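A.B. asks: As given, the protein sequences belong to chains F and U, one line each in that order. Taking my numbering, the leading residue of the first sequence gets 22, the next gets one more, and so forth. Taking my numbering, the leading residue of the second sequence gets 8, the next gets one more, and so forth.
Keep in mind that the hints were calculated from the coordinates and are not lab data. Some clues are possibly wrong.
Quick list of in silico lysine-lysine cross-link-like pairs, DSS-like style, CA-CA up to 30 Å [what the hints assert, rightly or not]: (1) U:Lys274 x U:Lys196; (2) U:Lys274 x F:Lys101; (3) U:Lys196 x U:Lys130; (4) F:Lys114 x F:Lys101; (5) U:Lys231 x U:Lys274; (6) U:Lys130 x F:Lys101.
Pairwise CB distance ranges (calculated) [said to hold, decoys possible]: (7) U:His329 x F:Glu105: 23 to 33 Å; (8) U:Arg108 x F:Lys101: 52 to 62 Å; (9) U:Met173 x F:Ser163: 34 to 44 Å; (10) F:Gln92 x U:Ala333: 50 to 60 Å; (11) F:Gln76 x U:Asp416: 40 to 50 Å; (12) U:Glu330 x F:Ala128: 35 to 45 Å; (13) F:Ser163 x U:Arg232: 29 to 39 Å.
Nothing here was measured: the structure is a model prediction, and the numbers come from that model. For each residue, glycine too, the CB sits at the ideal point set by N, CA and C.
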Amino acid sequence: MDPDESVFAVADALGPDFVELAPDGEAHFDPSNIALIAATSILTAACGGVLAAIQQSAQAATTSVLQAVRQAVRGRLSRKRVQEAFTEVTDDKARDAAFDATAASLAEVQRSAAGLDPAELAGMVEAAAAAVRQELEGLGLSPSPAERVQRSVSIQLAITVNLPTENPD
Amino acid sequence: MADGNPDAAGPRALTQAQAFLEVPLPEGAEVLAEIHLLAWSLVGSVAGDADRRLALNQAAEPGDGLIHAVFVQNGAVVSDGWHERRPDGSGRHHRDVPEDRRASAREVQVDLSLRPASDRLRKVIAANPIPPPGSQLIQGALDCADRSFTPFAGEPGLLEIYQEIMAELLQPDLERIANMPQLIYDRQKHWRRMWSMDARATAAARFAAQIPAVCAQAHEDDLKRSVTTYRELVTIAADRLRAGWWDMTDQLITDAVDMGYAAQLDKLGADLLTEATQFRDAALAAPPEPVRVAGLLFDAAPPAYAAAWLSHSGQKSRALTHEFAAAWAHRGTVAEEMSARIADGLCHQAVDWITGAYWAIRREVAGARARGGRRAEWAMLRDGEFGLRWPRSLRSFLSGESDDPPVFDPRSL
Numbered sequence: 022m023d024p025d026e027s028v029f030a031v032a033d034a035l036g037p038d039f040v041e042l043a044p045d046g047e048a049h050f051d052p053s054n055i056a057l058i059a060a061t062s063i064l065t066a067a068c069g070g071v072l073a074a075i076q077q078s079a080q081a082a083t084t085s086v087l088q089a090v091r092q093a094v095r096g097r098l099s100r101k102r103v104q105e106a107f108t109e110v111t112d113d114k115a116r117d118a119a120f121d122a123t124a125a126s127l128a129e130v131q132r133s134a135a136g137l138d139p140a141e142l143a144g145m146v147e148a149a150a151a152a153v154r155q156e157l158e159g160l161g162l163s164p165s166p167a168e169r170v171q172r173s174v175s176i177q178l179a180i181t182v183n184l185p186t187e188n189p190d
Numbered sequence: 008m009a010d011g012n013p014d015a016a017g018p019r020a021l022t023q024a025q026a027f028l029e030v031p032l033p034e035g036a037e038v039l040a041e042i043h044l045l046a047w048s049l050v051g052s053v054a055g056d057a058d059r060r061l062a063l064n065q066a067a068e069p070g071d072g073l074i075h076a077v078f079v080q081n082g083a084v085v086s087d088g089w090h091e092r093r094p095d096g097s098g099r100h101h102r103d104v105p106e107d108r109r110a111s112a113r114e115v116q117v118d119l120s121l122r123p124a125s126d127r128l129r130k131v132i133a134a135n136p137i138p139p140p141g142s143q144l145i146q147g148a149l150d151c152a153d154r155s156f157t158p159f160a161g162e163p164g165l166l167e168i169y170q171e172i173m174a175e176l177l178q179p180d181l182e183r184i185a186n187m188p189q190l191i192y193d194r195q196k197h198w199r200r201m202w203s204m205d206a207r208a209t210a211a212a213r214f215a216a217q218i219p220a221v222c223a224q225a226h227e228d229d230l231k232r233s234v235t236t237y238r239e240l241v242t243i244a245a246d247r248l249r250a251g252w253w254d255m256t257d258q259l260i261t262d263a264v265d266m267g268y269a270a271q272l273d274k275l276g277a278d279l280l281t282e283a284t285q286f287r288d289a290a291l292a293a294p295p296e297p298v299r300v301a302g303l304l305f306d307a308a309p310p311a312y313a314a315a316w317l318s319h320s321g322q323k324s325r326a327l328t329h330e331f332a333a334a335w336a337h338r339g340t341v342a343e344e345m346s347a348r349i350a351d352g353l354c355h356q357a358v359d360w361i362t363g364a365y366w367a368i369r370r371e372v373a374g375a376r377a378r379g380g381r382r383a384e385w386a387m388l389r390d391g392e393f394g395l396r397w398p399r400s401l402r403s404f405l406s407g408e409s410d411d412p413p414v415f416d417p418r419s420l
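I would like the entire structure built from these sequences, with the hints used as guidance.
C.D. replies: Here's what the structure looks like:
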């Protein structure tokens with residue numbers, strides 16, 4: 022697992038449509054850094070969703086697991102947090118800090134997933150990716166880029182927990 | 008393209024207007040490429056855009072920070088604006104900036120009698136005479152750019168549409184009324200294809216074609232009301248076009264919202280943004296061929312501009328509900344950003360090709376990789392893509408993985 026590659030993949034999935042997540046009236050520089058920071062937020066939120074699912078899976082019914090995933094993703098992918106990528110000054114230091122935080126989240130997911138049933142893990146990954154898409158659409162992202170991001174998040178999480186992927190690029 | 012000596016091309020081509028002026032004129036097949044790129048940089052987005060940008064770049068340096076640009080023509084101040092200029096050559100135009108930021112801005116006089124892109128295009132065709140109909144296209148682009156530097160100049164395309172609407176309205180024939188939207192639409196398409204309408208005028212003409220039609224469709228089960236609505240709105244459209252000024256069409260948008268057609272305009276705005284997005288995505292997915300990329304950006308510019316304009320003007324109406332106002336504010340932000348990037352992209356296709364900037368960018372990417380690793384390299388490559396400066400297909404050349412620079416393929420035309 023290479024956390025940087027995961028962030029790049031999600032940022033590429035977002036592409037120039039990252040602007041759809043901007044606060045109204047926002048005009049900005051640094052499109053790539055904004056896309057990268059947004060991608061780190063998305064991946065960190067998705068990791069939070071998988072971790073919540075792992076914690077719930079042993080003790081709750083499927084519906085509660087899905088609810089836990091949605092809540093975890095929603096809490097980490099708030100409008101305020103996503104829009105901060107646009108409104109706060111983004112320099113290389115801030116970008117690197119965001120990468121480090123995401124790498125830590127991905128590593129935690131990898132550790133927590135060790136030994137779990139692959140089929141169950143696959144369900145959690147899909148649930149987290151779907152929750153990410155739902156939140157992003159709620160924040161104003163169009164269905165087409167939201168679907169791309171969902172697919173990319175799903176692939177990157179699957180790589181992280183060592184699940185087979187159809188299209189790892 | 009100035010690619011004979013890869014080491015000779017200067018970095019940050021768009022900010023080096025002097026380098027642009029000093030590049031020898033093209034020869035052979037590259038004449039055709041340069042004519043298209045220059046013409047589209049002049050009329051693709053805002054008429055005269057490439058001239059203004061290059062003139063500004065001659066007056067100010069990258070890294071100046073915030074500047075207050077005062078545009079002067081024939082010794083008189085004609086306009087001003089605020090421009091953020093970064094060391095990497097990127098920049099942003101602001102209509103206004105907060106008072107506290109103004110104090111830090113350096114004032115720069117920009118001489119608009121300098122018309123670097125138009126001048127170069129004139130030199131290219133003087134050295135390589137082009138027979139009709141190509142010569143008419145080129146003259147159309149030059150005239151369109153010239154008009155943007157002439158106060159109160161009317162757009163002939165808009166005036167023609169005005170006259171046609173008035174002539175049609177005098178006819179009692181319902182079938183002719185029914186054909187009017189297509190007639191106006193085809194007319195704007197013709198002027199755009201003749202390189203004689205910029206994105207703003209094309210957007211105004213599209214509004215004249217589409218706004219009355221989509222509002223009339225709201226009454227498709229009531230023919231009389233549908234025709235009355237169409238006639239009322241197309242009359243407003245004609246009235247707004249009577250001087251040939253694109254910006255007067257603003258009134259058509261607010262009137263349509265005031266009359267209760269926000270839902271119809273909402274769909275029109277969404278359709279325009281979808282159309283622009285499809286062309287933008289096609290440009291990003293294009294091969295490393297600047298004429299192909301520029302052609303797609305040329306098509307993306309009017310719907311992107313129209314989507315932004317519709318969203319912003321519609322919000323001026325007090326009749327707009329809170330729900331639509333929020334959606335339109337969001338769409339306006341997205342469309343304005345896209346429109347600005349398309350304008351950037353059109354200028355870059357011309358300037359980067361003419362100055363051969365790709366080689367310098369390739370060196371900068373290698374430098375970024377050496378200094379900041381993959382993250383810095385990724386950021387530099389994507390800045391160009393998200394800024395519509397180059398397509399994704401140019402990544403392998405710019406990152407040094409391949410040695411195939413952009414080439415002109417006449418089949419793109």
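A.B. asks: Against the 30 Å threshold, does the CA-CA distance of F:Lys114 and F:Lys101 hold or violate the hint?
C.D. replies: Holds: F:Lys114 and F:Lys101 sit about 21 Å apart, inside 30 Å.
A.B. asks: Taken at face value, is the distance from the CA of U:Lys274 to the CA of U:Lys231 at most 30 Å?
C.D. replies: 23 Å, holds
A.B. asks: Next pair to validate is U:Lys274 with F:Lys101; report whether the Cα-Cα distance is within 30 Å.
C.D. replies: With a Cα-Cα distance of about 28 Å, the restraint between U:Lys274 and F:Lys101 holds, given a limit of 30 Å.
A.B. asks: Could one say that the CB atoms of U:His329 and F:Glu105 fall in the range 23 to 33 Å?
C.D. replies: 25 Å, holds
A.B. asks: Is it true that the C-beta distance of F:Ser163 to U:Arg232 lies inside 29 to 39 Å, as the hint says?
C.D. replies: 34 Å, holds
A.B. asks: Please work out if U:Lys196 and U:Lys130 have their alpha carbons no farther apart than 30 Å.
C.D. replies: 28 Å, holds
A.B. asks: Assuming the hint says 50 to 60 Å, is it satisfied by the Cβ distance from F:Gln92 to U:Ala333 or not?
C.D. replies: 25 Å, violated
A.B. asks: Check whether the Cα positions of U:Lys130 and F:Lys101 lie no farther apart than 30 Å.
C.D. replies: 53 Å, violated
A.B. asks: Are U:Glu330 and F:Ala128 spaced within 35 to 45 Å by their CB atoms?
C.D. replies: At roughly 43 Å between Cβ atoms, F:Ala128 and U:Glu330 fall inside 35 to 45 Å, so the hint holds.
A.B. asks: Mind checking the alpha carbons of U:Lys274 and U:Lys196 for me, to see if they're no more than 30 Å apart?
C.D. replies: Holds - the C-alpha atoms of U:Lys196 and U:Lys274 are around 21 Å apart, at most 30 Å.
A.B. asks: Given the hint of 34 to 44 Å, check if U:Met173 and F:Ser163 actually sit that far apart at their C-beta atoms.
C.D. replies: 40 Å, holds
A.B. asks: 40 to 50 Å was suggested as the range; check whether the CB atoms of F:Gln76 and U:Asp416 agree with it.
C.D. replies: Since the Cβ atoms of F:Gln76 and U:Asp416 sit about 56 Å apart, the hinted range of 40 to 50 Å is violated.
Of the hints listed earlier, those the structure fails to meet are numbers 6, 8, 10 and 11, in rising order.
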